[in-house]
Amino acid sequence: MVPSNYDGPSNGDYVAYVDKLLRASPDFRRTQRSIAGAVQSAVATPGAQADSPVSQLRDKLQKARELVEQQASQQAARKQATTLQPAVSPAAQAPGTGRRAVSKQEAQQRFRAIEQEIESQKAKASADKSTPFISPFSVVMIVAGIVISQFASGFGTMLVIMGGLSLVGGVVNKLKGK
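Numbered according to the numbering used here, the sequence shown terminates at residue 178, and the numbering increases by one at each position without gaps.
Keep in mind that the hints were calculated from the coordinates and are not lab data. Any given hint could turn out to be false.
[Stated by the list, open to error] Each computed DSS-like pair below joins lysine-lysine, with the alpha-carbon atoms no more than 25 Å apart:
#1 Lys176 to Lys124
#2 Lys174 to Lys122
#3 Lys122 to Lys176
#4 Lys63 to Lys104
[Unchecked claim] Restraint-style ranges between C-beta atoms, simulated for each label pair:
#5 Met158 to Ile134: 14 to 22 Å
#6 Ala36 to Ser73: 46 to 54 Å
#7 Ile134 to Ala72: 56 to 64 Å
#8 Thr82 to Gln109: 20 to 28 Å
#9 Gln62 to Arg30: 37 to 45 Å
#10 Gly154 to Glu115: 49 to 57 Å
We put the CB at the ideal spot given by N, CA and C, even for glycine.
All chains, full assembly: derive it from the sequences and hints.
The following block contains the structure:
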């Protein structure tokens with residue numbers, strides 16, 4: 001018989017034995033501390049969870065709406081205050097204040113004019129882009145068709161024909177455009 005130095009559980013209590021081995025591990029102690037910290041923070045702030053993106057967006061929109069409402073009420077108060085004050089002629093204004101209040105319609109018209117100008121610049125820029133006579137896609141199809149025709153002659157030939165037709169069509173369209 002071979003003597004054994006096996007230090008097994010006393011009285012067959014395997015649960016206590018495994019628990020003792022686990023508690024001796026530094027990883028187990030670190031994990032226990034992090035779990036205890038998480039439980040403590042959860043107890044300190046019950047039900048506190050990160051807001052979902054939808055609720056965050058809803059909060060931002062609500063704040064923006066409140067800000068707009070505040071500005072509208074301030075403008076209404078200013079407008080009411082200016083109607084109560086005597087009218088001041090533009091010539092009587094302080095020198096150097098050549099600015100005048102822009103109405104909402106004028107601001108919208110200016111905005112639309114700027115948008116139209118930007119759109120026309122975009123259209124002009126896209127029209128100025130030159131396209132090549134020979135499409136790279138057509139060349140790739142032709143080369144791929146030649147390579148594939150070595151293995152599958154019917155499919156390769158079909159790719160070569162499609163690439164050739166695409167190449168001819170692109171050249172014709174380019175010539176028609178000029």
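Against the structure, the hints come out as follows:
Taking the CA atoms of Lys176 and Lys124, the gap is about 19 Å. The hint holds against a cut of 25 Å. Between the alpha carbons of Lys174 and Lys122 the distance comes to roughly 21 Å, so the proposed pair stays at or under 25 Å and holds. Only pairs whose Cα atoms come within 25 Å are accepted, and Lys122 paired with Lys176 is accepted, the gap being roughly 23 Å. For the given pair, Lys63 sits about 23 Å from Lys104 by alpha-carbon distance, which is consistent with the 25 Å threshold.
Roughly 20 Å separates the CB atoms of Met158 and Ile134, a value that falls within the hinted 14 to 22 Å. A beta carbon spacing of about 52 Å between Ala36 and Ser73 agrees with the range 46 to 54 Å that was offered as a hint. About 59 Å separates the C-beta atoms of Ile134 and Ala72, a value consistent with the hinted range of 56 to 64 Å. One distance hint, 20 to 28 Å for the beta-carbon pair Thr82 and Gln109, holds here, with the actual separation near 23 Å.
Here the CB-CB span from Gln62 to Arg30 is close to 43 Å, well matched to the stated 37 to 45 Å. Gly154 and Glu115 have their C-beta atoms about 54 Å apart, which keeps the hinted 49 to 57 Å range intact.
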